[in-house]
Amino acid sequence: MVEDLYLIGYGFLRGFIGGVLSRFGVTVSDMTLDILAIVIGYYFRGRPGWQGVVAKVLYIGGLVSIGLEIGQNTGRSIAGELFRALPTQQASGARAQAIGAVVF
Amino acid sequence: MPRSTTFVLTVTVPANASVFKPIPMKITPAESGVSYDEYMAERLFIIEDAFIRTDEDARVDGFLKVIKNRERVMDTSANVKGLVVTNPAKPRAFSNRLGFRKGDILTVEFLPASSPNSNQPVTVFLRVTLFEA
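Going down the list, the protein sequences come from chains A and B. Here the first sequence stands for residues 3 to 106, numbered as in this note's numbering. Here the second sequence stands for residues 7 to 139, numbered as in this note's numbering.
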């Protein structure tokens with residue numbers, strides 16, 4: 003239950019920061035934010051009171067999130083190796099076929 | 007008998023517009039010159055392609071989102087900056103020809119891919135085939 007709250011809190015914080023930055027035209031990759039969160043969280047997690055709670059949220063959430071991203075990227079690149087030719091060939095074939103057709 | 011005509015799409019991308027936030031375009035059939043936010047098809051028509059005349063027509067990178075009946079995205083175009091009509095290697099704007107039946111509502115949104123420093127007008131032309139009843 004507590005872990006769920008950590009994850010929700012972290013998701014909210016990261017999304018919020020990403021949203022604020024993108025409004026000003028700054029794009030920061032999710033992984034950069036994760037690494038920042040882990041580093042900041044690691045150093046401040048022992049603090050008393052709300053600071054410690056926020057740091058713990060950042061630390062635990064950041065670890066889960068970065069694991070998720072690394073796993074996703076690894077999975078994607080392995081799948082890309084296995085099915086290298088398939089998707090692009092299919093897409094170009096479908097496109098060539100479709101140019102003559104009308105979609106309603 | 008089908009005949010070809012042009013629909014003119016215009017929009018002003020405001021300064022510091024949010025990237026990829028859709029902005030509704032005005033649709034002006036070239037023949038009547040009346041402009042619409044939503045164009046209701048008087049007869050069957052097919053959107054064949056989209057183009058710009060020169061680089062001046064689109065100083066902002068962006069994409070067209072063609073929507074039918076306010077709910078269905080028919081297609082998203084290639085980057086309008088690459089659609090200069092005089093370019094012999096001009097790509098097709100859409101991966102299909104997009105058909106609209108009588109009574110269907112056409113709306114087009116512009117998705118800016120970059121955020122301009124000042125207001126930038128964008129004009130894009132749709133090549134349309136009308137089918138007269």
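It is worth saying that the hints were derived from the structure and are not from the lab. Predicted, not measured: the structure shown is a model, and the values here were computed from it. Don't take every hint at face value.
[As the list claims (entries may be wrong)] Below, a sample of chain B positions facing chain A; criterion: calculated Cβ distance under 10 Å:
no.	residue
1	ARG49
2	ILE52
3	LYS74
[Said to hold, decoys possible] Between beta-carbon pairs, the in silico distance windows are:
no.	chain 1	residue 1	chain 2	residue 2	range
4	A	ALA81	B	PHE26	44 to 50 Å
5	B	ILE29	A	ILE80	53 to 59 Å
6	A	VAL66	B	THR135	50 to 56 Å
7	B	ILE29	A	TRP52	40 to 46 Å
8	A	ILE19	B	GLU77	32 to 38 Å
9	A	ALA103	B	ILE29	26 to 32 Å
10	A	ILE19	B	MET7	57 to 63 Å
11	B	GLU48	A	SER31	56 to 62 Å
12	B	ASP61	A	SER24	24 to 30 Å
13	A	GLY48	B	ALA21	30 to 36 Å
14	B	SER10	A	ALA103	48 to 54 Å
15	B	ARG107	A	GLN74	39 to 45 Å
16	A	ALA103	B	SER24	42 to 48 Å
Using N, Cα and C, we set each Cβ at its ideal position, and we do this for glycine too.
How the hints compare with the structure:
no.: 1; hint: ARG49; verdict: violated (14 Å)
no.: 2; hint: ILE52; verdict: holds (6 Å)
no.: 3; hint: LYS74; verdict: holds (8 Å)
no.: 4; hint: A:ALA81 <-> B:PHE26: 44 to 50 Å; verdict: violated (27 Å)
no.: 5; hint: B:ILE29 <-> A:ILE80: 53 to 59 Å; verdict: violated (40 Å)
no.: 6; hint: A:VAL66 <-> B:THR135: 50 to 56 Å; verdict: holds (54 Å)
no.: 7; hint: B:ILE29 <-> A:TRP52: 40 to 46 Å; verdict: holds (41 Å)
no.: 8; hint: A:ILE19 <-> B:GLU77: 32 to 38 Å; verdict: holds (33 Å)
no.: 9; hint: A:ALA103 <-> B:ILE29: 26 to 32 Å; verdict: holds (29 Å)
no.: 10; hint: A:ILE19 <-> B:MET7: 57 to 63 Å; verdict: holds (59 Å)
no.: 11; hint: B:GLU48 <-> A:SER31: 56 to 62 Å; verdict: violated (48 Å)
no.: 12; hint: B:ASP61 <-> A:SER24: 24 to 30 Å; verdict: holds (27 Å)
no.: 13; hint: A:GLY48 <-> B:ALA21: 30 to 36 Å; verdict: violated (46 Å)
no.: 14; hint: B:SER10 <-> A:ALA103: 48 to 54 Å; verdict: violated (19 Å)
no.: 15; hint: B:ARG107 <-> A:GLN74: 39 to 45 Å; verdict: holds (42 Å)
no.: 16; hint: A:ALA103 <-> B:SER24: 42 to 48 Å; verdict: violated (34 Å)
The structure is inconsistent with the numbered hints 1, 4, 5, 11, 13, 14, 16, although it conforms to all the rest.
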